[in-house]
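Student: As a plain string of letters, each chain reads:
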Amino acid sequence: MRFRFTHAAIDTAAARRELIDPGAGGYASFEGWVRDFNEGQQVTHLEYEAFEELALKEGERILAEAAARFPIKHALCIHRVGRLSLSDMAVWVGVSSTHRGEAFDACRLIIDEVKHRLPIWKKEHYRSGDSGWVNCERCAAAPEHRHADAHGHDHDHDHDAA
Amino acid sequence: MSVHAPLRGLVLAGGASGRMKRDKATLLYEGRSQLDRAVELVARHVDQVFVSVRASQGADPARARYPLIVDSVEGRGPIIGIRSASAAHPGNAWLVVACDLPFLSDRALRQLIAERDPAASATAYTSVHDGLPEPLCAIWEPKAAAEIDAFLGRGKDCPRKFLMNHAVRLLEPKDRRALDNVNTPEEYVRASDLIPASSADPTTAPAMQLKIQYFALMREQSGRSEETVETLASTPADLYAELKARHGFTLPREQLKVAVNSEFAAWSRPLAAGDAVVFIPPVAGG
Numbered sequence: 002m003r004f005r006f007t008h009a010a011i012d013t014a015a016a017r018r019e020l021i022d023p024g025a026g027g028y029a030s031f032e033g034w035v036r037d038f039n040e041g042q043q044v045t046h047l048e049y050e051a052f053e054e055l056a057l058k059e060g061e062r063i064l065a066e067a068a069a070r071f072p073i074k075h076a077l078c079i080h081r082v083g084r085l086s087l088s089d090m091a092v093w094v095g096v097s098s099t100h101r102g103e104a105f106d107a108c109r110l111i112i113d114e115v116k117h118r119l120p121i122w123k124k125e126h127y128r129s130g131d132s133g134w135v136n137c138e139r140c141a142a143a144p145e146h147r148h149a150d151a152h153g154h155d156h157d158h159d160h161d162a163a
Numbered sequence: 081m082s083v084h085a086p087l088r089g090l091v092l093a094g095g096a097s098g099r100m101k102r103d104k105a106t107l108l109y110e111g112r113s114q115l116d117r118a119v120e121l122v123a124r125h126v127d128q129v130f131v132s133v134r135a136s137q138g139a140d141p142a143r144a145r146y147p148l149i150v151d152s153v154e155g156r157g158p159i160i161g162i163r164s165a166s167a168a169h170p171g172n173a174w175l176v177v178a179c180d181l182p183f184l185s186d187r188a189l190r191q192l193i194a195e196r197d198p199a200a201s202a203t204a205y206t207s208v209h210d211g212l213p214e215p216l217c218a219i220w221e222p223k224a225a226a227e228i229d230a231f232l233g234r235g236k237d238c239p240r241k242f243l244m245n246h247a248v249r250l251l252e253p254k255d256r257r258a259l260d261n262v263n264t265p266e267e268y269v270r271a272s273d274l275i276p277a278s279s280a281d282p283t284t285a286p287a288m289q290l291k292i293q294y295f296a297l298m299r300e301q302s303g304r305s306e307e308t309v310e311t312l313a314s315t316p317a318d319l320y321a322e323l324k325a326r327h328g329f330t331l332p333r334e335q336l337k338v339a340v341n342s343e344f345a346a347w348s349r350p351l352a353a354g355d356a357v358v359f360i361p362p363v364a365g366g
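Protein sequence lines correspond, in order, to chains A and E.
Quick note: the first sequence uses the working numbering, first residue 2, plus one each step.
Quick note: the second sequence uses the working numbering, first residue 81, plus one each step.
Here chain A stands alone, though its shape is the one from the complex:
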């Protein structure tokens, strides 16, 4: 089980190879991409920033939780940080397992938890020249739009593809 960060483009072919297992009959992956439009604003590029020391520990915990819940062979998640352009891949999740069902399920669980729990932030830059930290500045101005989840800290309005 591995979670890691990269400052360069995610090499999905190399990542996929890490999941290969003679007992695996299937593999599922998820890619989160930078989208051009969010909350009525035309996005030009993004910056991702992470508190890596804590995110690595929490990321490993998420992968361990997925492995405990579903009978999977291997799971891997790579999150990119730094400046990303439209259609760049921000995050990649891959899971191999004996049968396809648990690979899909574990993949879904991992990406959902990563988005909610890891200390990773995204700044959107807009065509208007404006920019903003997603989930911070809008919610600070309009706290009534918040909706907490079990972790008490969910601001995810599903602003992006991932």
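Bear in mind the hints are in silico, worked out from the structure with no lab data behind them.
Note that the coordinates shown come from a computational prediction; the quantities given were computed from them, not determined experimentally.
Incorrect hints may have been included.
[As the list claims (entries may be wrong)] With a straight-line cut-off of 20 Å between C-alpha atoms, the simulated EDC-like cross-links for lysine to aspartate or glutamate are:
no.	chain 1	residue 1	chain 2	residue 2
1	E	Lys291	A	Glu54
2	E	Lys291	E	Asp355
3	E	Lys291	A	Glu53
4	A	Lys116	A	Glu50
5	A	Lys74	A	Asp22
6	E	Lys241	E	Glu252
7	A	Lys58	E	Asp355
8	A	Lys116	E	Glu307
9	E	Lys291	E	Glu310
10	E	Lys291	E	Asp140
11	E	Lys291	E	Glu307
12	A	Lys116	A	Asp106
13	A	Lys58	E	Glu267
14	E	Lys291	E	Asp318
15	E	Lys241	E	Glu267
16	A	Lys124	A	Glu48
17	A	Lys124	E	Asp210
18	A	Lys116	A	Glu40
Assemble chain E onto chain A, guided by the hints.
Tutor: Chain E alone, transformed into the frame defined by chain A:
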């Protein structure tokens, strides 16, 4: 929600020291002048500290080593020092402290900052002696500037009367001795005897150093990626209140999580010297 104006420090050292018959700013306690002690104390709670002086004191070496704000008008007392600070640096709130408060403590300043009401004209303590507001250890908000102008325009200049007649948040001081001031040679002798004892007071927790790292919105609002702070805050909750006031963070604590030594932590977790603290604004990975 309201946005706190950034908090700066203002140590008032422009008094005439009439009853003391010598300059109160240079009175020594434990070998250090009152002015130096007051500036150091305030600097532990805000980013920038200025010293308020009269025009004739600007060249005085005890004062000139600090960034000065010179009174715009002579002879109308400390309210002019506060107004001159707002004029020199508009948009800031001011943690105003008179330099003749030898018992003033970190605890007293910390309570003031933690319980500050930015929507009021000022946040101040009530006197333990007469219950009236204490203007010279108080936080004065930006909106007070225009109100002071109107007050001065009516021929008034008593800052205590100003507080009594405006929307002010009043607090009961937890440190009941902090605001005892020293105006006469007899009071100075008595205070000098008490000061070493006060340093050893076991109810006064020692300040400790913490390492704070900032990310994303908090990094931008504080203007730094990390800093080492000297603080009396004993929990992340107290620490956030202090740093929110100092850096003008817009996010309420309820929207944040906190990590201590790279693990998620409770807001009430006791902090120890050397702890590394990170405030985590709403996340948006993926």
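Student: Starting from Lys124 of chain A, check that the Cα of Asp210 of chain E is at most 20 Å away, please.
Tutor: Violated, at about 53 Å.
Student: Regarding the pair Lys291 of chain E and Glu53 of chain A, is the alpha-carbon distance no greater than 20 Å?
Tutor: 17 Å, holds
Student: Would you check the hint for Lys241 of chain E and Glu267 of chain E, treating anything up to 20 Å between C-alpha atoms as holding?
Tutor: The hint is violated at about 25 Å.
Student: What's the verdict on Lys74 of chain A and Asp22 of chain A, does the C-alpha distance respect the 20 Å limit or exceed it?
Tutor: Holds, because 7 Å separates the two Cα atoms, which is no more than 20 Å.
Student: Measure nothing beyond the straight line between the CA atoms of Lys116 of chain A and Glu50 of chain A; if it is 20 Å or shorter, mark the hint as holding.
Tutor: Between Lys116 of chain A and Glu50 of chain A the Cα gap is close to 13 Å, so the pair holds against 20 Å.
Student: Does the structure keep Lys291 of chain E and Glu310 of chain E at a Cα separation of 20 Å or less?
Tutor: 9 Å, holds
Student: Has the given pair, Lys58 of chain A with Asp355 of chain E, been kept, meaning a C-alpha gap of at most 20 Å?
Tutor: 18 Å, holds
Student: Check the hint pairing Lys58 of chain A with Glu267 of chain E against an upper bound of 20 Å on the C-alpha distance.
Tutor: Status violated; Cα separation ~58 Å.
Student: Given the hinted pair Lys291 of chain E and Asp140 of chain E, is their Cα-Cα distance within 20 Å?
Tutor: 36 Å, violated
Student: If you draw a straight line from the CA of Lys124 of chain A to the CA of Glu48 of chain A, is it 20 Å or shorter?
Tutor: Holds. Lys124 of chain A to Glu48 of chain A sits at ~5 Å (cutoff 20 Å).
Student: Taken at face value, is the distance from the CA of Asp318 of chain E to the CA of Lys291 of chain E at most 20 Å?
Tutor: Between Lys291 of chain E and Asp318 of chain E the Cα gap is close to 15 Å, so the pair holds against 20 Å.
Student: Given the hint that Lys116 of chain A pairs with Glu40 of chain A, does the C-alpha gap stay at or below 20 Å?
Tutor: 18 Å, holds
Violated hints, listed in ascending order, are 8, 10, 13, 15, 17; each of the other numbered hints is respected by the structure.
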